[in-house]
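**Student:** These protein sequences, in sequence, are chains W and B.
Throughout the first sequence, residue numbering follows the numbering used here, covering 1 to 286 in sequence.
Throughout the second sequence, residue numbering follows the numbering used here, covering 1001 to 1617 in sequence.
None of these hints come from the bench; they were simulated from the model.
No residue lacks a Cβ here, since even glycine has one placed at the ideal position from N, Cα and C.
Each statement offered as a hint is correct.
For the chain W half of the interface with chain B, some residues (derived, Cβ under 8 Å), not all of them:
(1) Ile86
(2) Glu89
(3) Arg91
(4) Ser109
(5) Ile155
(6) Gln159
(7) Leu160
(8) Gln218
(9) Ile219
(10) Leu226
(11) Val231
Below are the chains, spelled out letter by letter.
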Amino acid sequence: MSNRSGDENRMSISDSLESIVSQQKIIRWVGAGLQLFAIALSMEMLLGVSIGLGVPLRLFLLSLIAFCIVMRLGWAVLVALQVSLIAIEPRQGAISPYPLGFFYVLVASAVIVAAMKAPETHRFVTDYVVSLFAAEAKELDSNRQFRFTYVRLSIYAIQLMLTVVVAGFLLNRLPIGLQAESWLEWSRQNGQAVWPGALLIVLMIAILVLVRENAWRQILPSQASLYLRSVQLIANYRDLFGFERHRLRRLRQAHLQGVAKTPPPVKRPKLRRSGRNDDTIKKGLK
Amino acid sequence: MTFKVQLFAIAGMMSLFLGLVRGQPVLSLLSLSSLLWLLTEWGLFVWHVRFQFPKAILYRFVNGERDADRSLWAERLIDVRIQLANKLLLHGVTLDIEDILPENLELIAFSTNNVTADVLTIPSAAPKKSQTRRPESRSWLIRGVQRFMNYRDDCPVNEVRLGLGSQPTEWGYSARVRAAGNVVFSGFRVTLQSTHHLFRIERFVKTEQSFRALPSFVDAGEYRSLTKKSNVIPRHGVHRLLRSGMGSELLELKEYAVGDPFKSIAWKVSAKRDQWMTRQYESEVPARVQLIVDGSSTSRVGGFGFRLLDQMTFVAASVARMATNAGDPVGGVLMDERGIRRVPPTSGEKGFQLFLRSLADFSVNPCPPPSPYQPRMLDAAWALLNQRYPELLDLKVNHFPFSIFPMTPGARTRRRQRFLVAGSLAEIYDLSVREHAALIHDDSAFARRLQHLLNSGGIPWIAPLIQPSDRRDQEPIERMANLGKCILSAVGHARDNEVIVVISDLLNCVSILEFVLPSVKLAIAKHHRVSFVCPTSTFLRPSRGVAVDFSRENTTEELLLVAEQARLRIQAEQLQRELHRCGASLSLSGEKNAIHLIMSELDAVKSGHGRLQGNLR
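Construct the complete structure from the given sequences, taking the supplied hints into account.
**Tutor:** Structure (structure tokens):
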């Protein structure tokens, strides 16, 4: 009896779960469409190429961006943005970015990352909406999930901000453009190297060595063994190919000679169709 | 690092260069920040690979047990549960874990009992209830949209995705064992990838568990004896063992002696004779059954559960079960290309289990006969290596010589695949450089290794693994000659009046039965009973009534089935005629009728009755 009631409870829970999942699916689809539209629209505005274009062309551009987001072609969106900047942005002597440019880059980066992480943000938004409207989902879904998502999105935002700030700092500090002259002056006054090329090369080699060492340490013993095998094979490939060709030729010749010496097929026993085959039975009995 | 990252990095560096040269600060800033962002993502991924990935320790429980020395049963459901030992800290990455299913298992459903709450609360993280992977025929656009929606509807039930905050500590699925043999769980395919699919690492975590799958059997129910038990005059040479015992047939009446049970007193006879008389019953003489199972290569071709051998083991196990229930000892002779193995006749439950274990070990496919190299072999091996050894197909470690010789793109791809597979095989089988080179240039050596790899990977004997042999004419003759030897061996080890059951695919060997018939005649001459059971490729008996129904539209499969049944019918009639002439009986397919026929033979042996009319059952 208890088993039966347990089964019924399990069935009712599964039914309610299915209905929740179907509700979630609808909200997901609607939410995904809205989110996609928002990202595509902001990206189109950032591109700045649509100013003065007709509605059909703008819609086409929007759908193209949405397609890139859906197919996870974040790099294509970035390239499009960079190409538009090459065409639109006026040339300046100084590389140090102004505040508006800094804000533009921050927004553009956020949109690109949102496009690349669209499923995750979309899931967060959907879960939030579902929790507002569906009581069962609210019960089932724990606050832990939201906490995790908030933490995750906050980390993403901080990471993005940091990268933009560090990039701005580097562009400000590196001796490029107008900064090159001030760097030169400072170097002359302090008796330092004229150009930090040597330092940069040494740094680059050190980083390269570290990266390669890290990559080598990450591979498995079987991969290391295979690497050595394949390197050895490539080094001796010509000779090995020659040996193999010779061996195969000899095998082929031996096979052709052996065809003539094929053993005869198995002889069929003579069996009388009717009556007892006394000879066979006697042989068997012996 | 995926191809996307390379494109991302190239685009970023080029635009940074242009921005610096042309003096465009926003472009430079955007490009540099995108490159830095990529760098931080890479650093995060490397941290996960170094510190979190090794912590993904997984345990598998089959029917609640981790030990692999337990036995499973064919055609029964098993419950597989997977446990994650540690909680992982995953940020910006997902971990896909796929339990590699053995070929001998059929996936049934995601099982929800005893699953921790995490799985139920995260629909996108939990595996969906689906029978199998959905076909890949849907358009790439729909698949892309579903990926964007993060729906994992096409995710089979043996896969699960873990992310930050969505980590089920335990999950599982149900599966059905297809056939007798063994079930080898090789391990887990674990894929760690960043959420935007820029970085990915794939590993195969080897957690091998091998279970013996015992053959299924059926209790064929009550069978009606074909012989009249009493008043039977045995044939010349057949002796009934007339000994008092606890059987059901009346043997004689005798005077009461002290110690005789009261219930055996014959009251009426005692009253007539005016002295105490008791009834004496016949002893139930156990009759031994010798099952000869022919597991030669032709019976092993096909997927698990669809092999002729599966029908044979089913019949053998069912007969053994019924004979054991009746108290008769069961032995066997198992024959294939590897040789002949004898299972000594034993009775009782222990003997039955021993016989089943022998059948299960016999059902495991050995290394197939060498076949010539076919491109499909390479495809199958490529798929298997991608699943089991993804790290060996990495181009960073598996190098191969570049050829400037002009060739078509398809040919170049095949060449690349062959070099990569050869390198992986050299590593797996620890080959020398010379042998490694031989794999690249020698087709026969390559095919042999590929066959071994596919066979050890549990791939059934289907087209890529085996090819039609050029010794097609000689193989059946050798098989029949071996079968004759098996029958002779069974006769040599037999006592008096035994039942010898030959379970073999004889339908295509009617014209060469003379290799078997002398042995059959010898067995019958020595007063044994010989019964043949032939499995059919359609798993159905070729009954006379099968015909095409022209009143409705028949599918191609139905027409093919009818044609095949008609062909089998002709062959079966010829076979029955030949065997009938010798005095042996024949049953087709692994149905209950075959089991009943054998039990009737057993019954006839016990009663000492003359030969059965071996009709086409």
